[in-house]
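Chains V and G, in that order, give the protein sequences.
Add 560 to a position in the first sequence, counting from 1, and you land on the number used in our numbering.
Add 106 to a position in the second sequence, counting from 1, and you land on the number used in our numbering.
These are computed hints drawn from the structure, not numbers from a lab.
There could be a bad hint or two in this list.
Claimed, not checked - Covered by chain G, according to a simulated footprint, are these stretches of chain V (three or more residues, beta-carbon under 8 Å): (1) 604–618; (2) 759–767; (3) 810–822.
We treat Cβ as the ideally placed atom computed from N, Cα and C, and that holds for glycine.
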Amino acid sequence: MALAPGDNATLFSAGAASTLRLIVYLAAAVVLMILDHRGHYLEAVRGHASLLIEPLYRLAALPADAARATRTAVASQSALAAENRELREALLLAQARLNRAGALAAQNERLQDLLEAQKSLGLSVQMASLLDIDIDPARRRIVINRGAQQGVSVGQPVIDASGIMGQVVEVLPNTAVVMLLTDPNHAIPVTIERTGLRTIAYGDKDARDLLELSNIPTSADVQVGDKLISSGLGGRFPAGFPVGEIRDVRNDDTGMFATALATPAAAISRSSEVLLLHDLPQPYGPAQPQVDASAPPGADAAPAEPAQPEPTP
Amino acid sequence: MNRLRAQSWLFAGTVLLAMLLQLMPLPAPLLQIKPYWLALVLIYWAIETPDRVGLGFAFLLGLAGDVLAGQLLGEHALRLTVLAFIVLRFRARLRFFPVWQQTLAVFALLLNDRIVVMMVRGFSGEAMPPAAFWLSPPVGAALWPFVFILLDDLRARLRGREA
Numbered sequence: 561m562a563l564a565p566g567d568n569a570t571l572f573s574a575g576a577a578s579t580l581r582l583i584v585y586l587a588a589a590v591v592l593m594i595l596d597h598r599g600h601y602l603e604a605v606r607g608h609a610s611l612l613i614e615p616l617y618r619l620a621a622l623p624a625d626a627a628r629a630t631r632t633a634v635a636s637q638s639a640l641a642a643e644n645r646e647l648r649e650a651l652l653l654a655q656a657r658l659n660r661a662g663a664l665a666a667q668n669e670r671l672q673d674l675l676e677a678q679k680s681l682g683l684s685v686q687m688a689s690l691l692d693i694d695i696d697p698a699r700r701r702i703v704i705n706r707g708a709q710q711g712v713s714v715g716q717p718v719i720d721a722s723g724i725m726g727q728v729v730e731v732l733p734n735t736a737v738v739m740l741l742t743d744p745n746h747a748i749p750v751t752i753e754r755t756g757l758r759t760i761a762y763g764d765k766d767a768r769d770l771l772e773l774s775n776i777p778t779s780a781d782v783q784v785g786d787k788l789i790s791s792g793l794g795g796r797f798p799a800g801f802p803v804g805e806i807r808d809v810r811n812d813d814t815g816m817f818a819t820a821l822a823t824p825a826a827a828i829s830r831s832s833e834v835l836l837l838h839d840l841p842q843p844y845g846p847a848q849p850q851v852d853a854s855a856p857p858g859a860d861a862a863p864a865e866p867a868q869p870e871p872t873p
Numbered sequence: 107m108n109r110l111r112a113q114s115w116l117f118a119g120t121v122l123l124a125m126l127l128q129l130m131p132l133p134a135p136l137l138q139i140k141p142y143w144l145a146l147v148l149i150y151w152a153i154e155t156p157d158r159v160g161l162g163f164a165f166l167l168g169l170a171g172d173v174l175a176g177q178l179l180g181e182h183a184l185r186l187t188v189l190a191f192i193v194l195r196f197r198a199r200l201r202f203f204p205v206w207q208q209t210l211a212v213f214a215l216l217l218n219d220r221i222v223v224m225m226v227r228g229f230s231g232e233a234m235p236p237a238a239f240w241l242s243p244p245v246g247a248a249l250w251p252f253v254f255i256l257l258d259d260l261r262a263r264l265r266g267r268e269a
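Chain G with its partners taken away, still in its complex shape (with noise of 0.2 Å):
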């Protein structure tokens, strides 16, 4: 019981940590490679415990994201769940990859999460993003490790301590 706290407490966490570095403020030249926290997070907890992270938990952190960014409502939504629901399509074959290979994986999902991007925007008639806008995929890819490892290390603790 007491456990299964601990572990709540680190995933509404890890979400709103999420949410904060994703409003968080960085230099200029920086600003155009922030990776897309909200979908690291996702897909982290998309791959450990599917049984709280479903299409629905990823539409509905979707809409937070969109309340937050002030954008289209939806937008965030849509790219979530698009995502959400290839990594629980292959979360069998993800989580028994060597971490090099998830960060692969990981870079091909952000990549089609801009694609999303750029098709909600062009329908919604907006002016296409800059070159930079694609930089943020290969950033948040080499971040992926650290997060896999950090959020897979404060389990493993919340665990041995609870034992």
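If we strip away everything but chain V, and leave its shape as in the complex, we get (with noise of 0.2 Å):
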């Protein structure tokens, strides 16, 4: 039997691996991991090798479409047909839902051209789908297949049909990576929408899919079902917006403050389609945490009900 060239070299030299090479190798690698800490040069990095890296992209999220495809084909007739009598019932409500929303829409732009409202809420959004990848599982993060091409920017509010879903945090020429709310890096200024509380939801550390409210007053008032909604402040995602909804509430374990963890309202692990708003809207300013007015259509939920006056702080 041929051995493979070079085998038959030494059998105890060090060979390839001296230690003199680790050691720059590894001191390399160092250095570089420090330079990206800092400096963040991988996006760049990433952005000139796009052109490898989306096919690649595309190549792994094959199997799953063909999957997808191949259920899709050999779905039987009467799954269909139950799928599509409940599509129908989906498509009516929504449509009740949407006649409800339009007449609060118009009731509403009155009462703001009585105020003189400024703003004008005309929602613009794009479609786009998720590229069925997994970059890091210790990571909450999506791939999407629209990018800097198709206008998509970074620090985009990214929705489905329930509820805020996260950002982009990067943008390649035809792809773009969101981060979900539920991301352990990630955080999202929010209202409790029964008591206008003001607080921060950040992602789970613990890969839960869940969001954390931690640092709660234990004074304040907040409850197990308690609706979540985006603030507005900080200006990135646009306020009155569905979030999530507390499920557990208990101290920490200083016992100086609660801790809350909340089920996002978007659907975050089963979307397969997401939107992405376009315009940023105007931040508040802080002043108060306001449920009303501001209700954008296209989220349904939680801004569905008639607004209600909040306590003012």
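The two chains are supplied separately, each in an independent frame; assemble them into the complex guided by the hints.
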């Protein structure tokens, strides 16, 4: 049996794996990491290499796409009929809701005209679908099939039918990376709808796809089932979109503050189509946490209730 | 000449496949236990053809992994360089281990890799990973015999056909 060339070199010498070379490479890696940690050069490198990266992403998404296509193709007649019926019902419901929202929007417009409100929230959105790949399980990020050439820019909020999903953090020519609300490095300013309490919802550190509200004063009134909506402070996310629902409140380890867990309103791990919001709304400035007036069409759940006056701090 | 070329294709193919598998979607509960495919493939080629796979190759492969994963530039490079160094150091022994001993060695290597990740994340001030983070090495080690036997078989076939 022929040995591969170089196989007979030496059995015991260090050969290619000399310690000196190890140290050189390790040092190079460490220097790279430090430079990147400081200066975020990786994004630039990824931008240049996007011609190579994007085909790989698409290729990696192929098996899942094919599986989905096959499933659709062989789905039985009855299943399709049932799905059709369900969709019809859902459409009807959505239509009804839309009508109601339309009436509310009309009323809203009149009231705003009366108040000479300066802002009009014409919501322009762009549809995008997910590329089914997983960049890193520890971070909650998704890749969508719209990029710089379709006018996507860093910082754009991403929503689905039932709430805010996250924001664009990186843009390649034809794809973009979205950081989800549940990413441990993500934070979004929210208001608790019932009480008007302003706080910040962080991504969950234990990768459970939840939101975490830490450092709530124990005296604050937070209950299981409270709805969280975006407060619009910070100017990145528009106000009044559903963000999540409190499912657990407890004292934290110090006993001085309460910590709450919330389930995201958006179908974070189930959506396959998302909407990119285009107009970044004007930040309100740190005034009162109002839930009313700004209810944008398109977000149905929470703002569908008639606005009720909030206790202003 | 032809044989060498076929071998090169196999080599490039496995590396590309490892990258794709690394990016491949999985059902959510399985995501955390995704094995480190790049490492498995690198270990195999480092054991079998060290003239092709040195520290430099491991470093470059790691950089490619970094660019694909969009994390800290250099993290994968560091991990794979460390891995390749250990494998090349103990290559003479690893080669002649029976498969089950090799599997244990691969498990130790992957475990060591996780510790390196912890250190890097710690230094860069990121959140510590959840407990499921430690499930990846056993899964990777359990897959090792299949990877090893499959690749060995493919190489033997190529060799047999050309001879």
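Verification of the supplied hints:
| no. | hint | in the structure |
| --- | --- | --- |
| 1 | 604–618 | holds (count 6) |
| 2 | 759–767 | holds (count 3) |
| 3 | 810–822 | violated (count 0) |
Consistency note: the structure conflicts with earlier hint 3 alone.
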